Every structure is written in structure tokens, then in C-alpha cells.
Amino acid sequence: MEATIAMTLLTILAVITLAIIPQRNLFGVIMLSSAYSFVMASVLIVLDAVDVAMTEASVGAGVSTVVLLAALHLTGGQEYPRPRTALLPMFVATVTGAALIWGTYSLPGFGSPDKVIHTHTVPRYIAESASHAMPPNIVTAVLADFRGYDTLGETTVIFTAGIGVLLLLKGRRRKANDASGDGR
Amino acid sequence: MIKGDVILRVGAKLLLPFILLFALYVHFHGDYGPGGGFQAGVISAGTIILYAIVFGLEAAKRVAPPAIVERIIPLGVLIYAATGLPALLLGHNYLDYSVLAHDAAHAHEWGILLVETGVLLTVSSTMLAIFYAFAERGRE
Chain A
3 MEATIAMTLL
13 TILAVITLAI
23 IPQRNLFGVI
33 MLSSAYSFVM
43 ASVLIVLDAV
53 DVAMTEASVG
63 AGVSTVVLLA
73 ALHLTGGQEY
83 PRPRTALLPM
93 FVATVTGAAL
103 IWGTYSLPGF
113 GSPDKVIHTH
123 TVPRYIAESA
133 SHAMPPNIVT
143 AVLADFRGYD
153 TLGETTVIFT
163 AGIGVLLLLK
173 GRRRKANDAS
183 GDGR
Chain B
9 MIKGDVILRV
19 GAKLLLPFIL
29 LFALYVHFHG
39 DYGPGGGFQA
49 GVISAGTIIL
59 YAIVFGLEAA
69 KRVAPPAIVE
79 RIIPLGVLIY
89 AATGLPALLL
99 GHNYLDYSVL
109 AHDAAHAHEW
119 GILLVETGVL
129 LTVSSTMLAI
139 FYAFAERGRE
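If you're matching them up, the sequences are chains A and B in order. Position in the first sequence (from 1) plus 2 gives the number in this note's numbering. Position in the second sequence (from 1) plus 8 gives the number in this note's numbering.
The shape of chain B in the complex, shown without the other chains:
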């Protein structure tokens, strides 16, 4: 916690929602513009890291509890892997998105969004968990 540095704290508070919104934009607009799940994951992890640097590790842990963050790491991989299962069960190739909706355009859009969500969750929580692990060691 940086005490007395009002400009830094107010500036960070002003920036944080926009950084988080940008991460969501990068994720959901990945089909059309640059970026995707990976970049969005890093940016959203960066939001919490900035919050931890300016407002202290304890405050950040209340926002994103480490126990939950560590459980999201495998959850992302599972979401990605599970996206391919419906196709497998219906007799198509694994990760063939065409079974996810009636017309091809929507099926691919949904499939890509789902796997990118898996990537986002894993990347974001991995970055954050590594940051927590480093920051916690420093205070012993």
C-alpha cells in the first residue's frame, strides 16, 4: 500500500475500469480485431496486479481470492476441452464446432468464443497466481 500518493491512487482508480473494459473488448472483439483470449487474459490479470501494487496485496486478495484464482487455472483448460466433446458425441471430429448451432457461421462463432473463454480463464488466473506466489514470498 502506497500511502499519501493521492495522484497514483486516484489515477489508478480512474484507469482500472477502462483497462478491464478493454480486456473484455479484446476478448469479445477478437473475431474482428486484433487480440483474443490470451491477450485479454493477460490484460485482465494486469488489472488485478495494478490494483495490488497501488492498494496493497490484501485488498487485491479480497477482489480475487487466491483459492478461487488457483481453481480457475484448470477450469479454463476444462472449458476448452469440453467444447470439443459435443462434436465427438454426435459423431464428428473432436473440436469440430459445426454441431454447436444450426448454421455454420453461428456455430463457429460460438465455438471460437467458448475456447477463447477457456484460454482467457487459464491465462489470466495463471498470471495472477504466479504474481501472488511471488508477492507472498516477499513478505516472509
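Only chain A is shown next, with the shape it has when bound in the complex:
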């Protein structure tokens, strides 16, 4: 049953991706990629990764859609027609796609319990979160307690990224204002 649901959702993902390719209206592209994120969140729930699903639903389907729509408002809703034949982009996309598919062959099989990601530190986290009075949600325990340094780094990354985007979006505007002030 679970496999059927996962396969149905993955098929919907593939259909959405194929629908995005011929789309020239950027509003349609944003709406379809928002739908993609939403279906992806459902896939993650089927895979029992509820924390990731919640992030995907709120960031992927929610906030990033709004930010993309705001960007669309600034740039206009239609994709420019291609200036020449798309042979080079086609080549780059094919090679990158082939490399990614080739890469999946060396990944461990889905859900295989004897691979290193499940045997290296995970048993310790599970055992110690019970004995060290950690919160019942092991994901929270790993994020905020066992790997507190990593999450501090992550928060700093969000801070840095936010400051960078704000500088890009706001710094240029001030320069434009200065230029117009000089002209007067």
C-alpha cells in the first residue's frame, strides 16, 4: 500500500516536471513548481520524514513561491524566445543528468539497514537519546543537542544568506537614488 502511494506520488512528480518543460509562461512555471514542492512534501510524509516534509511544504511550496512571484512581478511574466539553437544547453543538461544517474549507482540501496549512514553514529544517537534525558523526538535531539555546533553553523548560514540577499536587493537601489540625486 505504502509503495503504491509512493509510486503514484512519484508519477505525479514526473508529470509535473514534464508539464514545466514546454511552459513559456513563467507564472505557470512557478505554480507548477509550487505544486511539485507540495507533492514532494507528501512523498516525504510517506517516507516517514515528517520534519523534512514540514520544511518542504512551508519553504518550498510556501515562502519560495511567494518570493518567486515577487521576482516575477519585477521581471515580467513571459520567457524570452530562445535566441539560437539550444545545442549547448542540451549537451550540458544531458551530461549533468547522466552524471547524476551514474552517481545513483554507487548510493546504498533504498532503506538498506547495514550501510554506513545507519551504522556509524545513528545507533549511538538512538541509544543515548533514551538514556541522556533527551527529547522524545530524536530529530530534535540530533539537531539541537548532539549536533548543536552544526545547527549553529546552519543558523549562521541563514543569517549570512539573508544579509547577502538584502545587500543585493537594497544596496543597488540606494546607488540609483544617489545617482538621481546627483543629476538634480
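Calculated directly from the structure, the hints in this document are not laboratory data. Treat each hint with caution, since some may be false.
[To be verified] In silico SDA-like links for lysine to any residue, alpha-carbon gap of 20 Å or less:
1. A:Lys172 x B:Glu144
2. A:Lys172 x B:Ala75
3. A:Lys117 x A:Leu49
4. A:Lys172 x A:Ser66
5. B:Lys69 x A:Val69
6. A:Lys172 x B:Arg79
7. A:Lys172 x B:Phe142
8. A:Lys172 x B:Glu78
9. A:Lys172 x A:Ala72
Note that this is a predicted model, so its numbers are computed, not measured.
Following the hints, put chain B in place on chain A, whose structure we already have.
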């Protein structure tokens, strides 16, 4: 500001408090259920963004002034980093929560809640500041 669309405005007004309450639930219940500071931060930023979309950017700026939002971005990181300092000063490892309370269970609960609050503030204000920056550019 969308004028005349009563259903949208009334619907948004009905939904907003529950979305905000859900964000708080996700934050404070992160120890037991899915979610935590990051997800709660995005959801609470989404509340203000929805408010801005339905009631206009100016109304949203009165609720969450951009100057304050931009100051909260570093505040969150500072709260997170400061949570680790007591342990450092008392001779433990940095971000070791066990010094924050007398018994281990409470210490970890407090430590996790504090760092998650830092994450919530930074994530929420970053999302909101980026949204403001985009929305403001559009009206020039």
C-alpha cells in the same frame, strides 16, 4: 491591498491567528512532534507574508516594522551562540546544556528550547526581510 474581495479578507483574518498559533505549537512542541525552530520560523514569517498579500504591504509593515525585523536576524544567531556560553564559563564544553539546570532532563529541555528560539528568530526575520526587500523593489 485587494479591494472588494470580502471572502479573501475575511477568510485570511479567520486563518491568520490559527496559522500563528500553529507556528508556536510547532516551535514549543518540537521536542515531541515534528518540527522545531526552523519550521516554526517559516510558518510565522508566512503569517506576515499572507497578511501583506491580502491587506497590503503598509499594513504588514505596521505589524512587523522592517527596521525591527532586520535587527532580529542577528539577534537569533546571538541567542543561539550565547546559549553555549554558560557551559564554557563553568568549564564544560561549548553548547553543553547540562549546566543550565540541576537535573539533566530540564537542562536539555531548556538548552534545546533556547537554541530553537534563536533559529526561529533568525529564520523568521530573514524570510520576512527578503520578502520586504522584493516587495519594496516592485513599487518603485
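Do the hints match the structure? See the list:
no.: 1; hint: A:Lys172 x B:Glu144; verdict: holds, 9 Å
no.: 2; hint: A:Lys172 x B:Ala75; verdict: holds, 13 Å
no.: 3; hint: A:Lys117 x A:Leu49; verdict: holds, 18 Å
no.: 4; hint: A:Lys172 x A:Ser66; verdict: holds, 19 Å
no.: 5; hint: B:Lys69 x A:Val69; verdict: holds, 17 Å
no.: 6; hint: A:Lys172 x B:Arg79; verdict: holds, 15 Å
no.: 7; hint: A:Lys172 x B:Phe142; verdict: holds, 9 Å
no.: 8; hint: A:Lys172 x B:Glu78; verdict: holds, 12 Å
no.: 9; hint: A:Lys172 x A:Ala72; verdict: holds, 15 Å
In summary, the structure agrees with every hint in the numbered list given earlier.
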